Amino acid sequence: MVNVEKSIGNRPIKRQSRKEMVSRRRKALIAVILTGIIGASALIIPKTVNAVSNIPENIETMVEHHEFVQEISSKAYELLKETSYVNAGIQGYNHSKLAQAIEEQGDIDLWLYGTSKALEYYDKDVTYNMDSLIFQLSLIDEEFKTSNITSFEKYVNSLGYNNIEEYKNNQANFLYQQYNNIQSKGVSK
Amino acid sequence: MEEMDIVTLEDGKDYYEVMRINNEGVCYIYLSNTSNPKDIVIRKSIVINGEEYIEGLKDKEELKKAINLYQEKNK
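Quick mapping for you: the protein sequence lines, in order, are chains F and Z.
So the first sequence is numbered by the working numbering: it starts at 1 and just counts up by one.
So the second sequence is numbered by the working numbering: it starts at 1 and just counts up by one.
Hints listed in this document are in silico derivations from the structure and should not be mistaken for laboratory results.
The structure presented is a predicted model; accordingly, all values stated were derived computationally and were not measured.
Cβ atoms here follow ideal geometry from the backbone N, Cα and C, with glycine treated the same way.
No false leads were slipped in.
Here are the simulated lysine-lysine pairs, PhoX-like style, with alpha carbons at most 20 Å apart: (1) F/K14 x Z/K13; (2) Z/K64 x Z/K38; (3) Z/K58 x F/K14; (4) F/K27 x Z/K73.
What follows is a list of derived Cβ distance ranges for each label pair: (5) Z/S35 x F/E165: 37 to 43 Å; (6) F/E5 x Z/N68: 19 to 25 Å; (7) Z/D14 x F/G160: 47 to 53 Å.
Okay, chain F solo, but in the shape it has when bound (with noise of 0.2 Å):
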């Protein structure tokens, strides 16, 4: 993620700088990374910006809603991580370069919009089944932020589940048929 509070609201400072020299491989991966991360951003700062300031007397619901969502995003990780990097391959040089990015970092919302951004090129109803997680990702959030609930086992009751544990389940479903139709079109293309 971008980092909001060193980002926002800081006073001038005289800029001090110097050169140095790097690798053109690192100089690619460092804007790699940069894109990646800024991808994810535009994706999710808004929402959290907007979320944390909409409710913060809730503090301790967010924290759970967010536990909750790194989890669903660890998930998809998991069950399309290996798609993610066969079609990283099957597109070429810069994308070989984020697919490394993202085994290096390791990280989730790199992963996620590195993903996207590779199977954009390659299929669209398989975008429109990547776009799909990443939306139904994002919905939580906003749905989530106007919902006004104060606990995370009735903001899921309100969506019709009988608790966090069957909400959970119904997530992972879904991930997975992602997964299938990214696998069954993705690779055998």
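Put chain Z on the given structure of chain F with help from the hints.
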């Protein structure tokens, strides 16, 4: 090998200047921590009495704008 500018922010940490984007008279600077490339900071450049300063963005709306500008440029 290629040359990169490194700037030091008020936290004492060094950042690579990865990119600058000019938009409507404002120059946004995209910075990457030299020891942790996942630590990304966006600032803007201002010139006071002929010297360059780096200042924070005004609010989250400006941050959103800077993010969108970067994405547009790197499509």
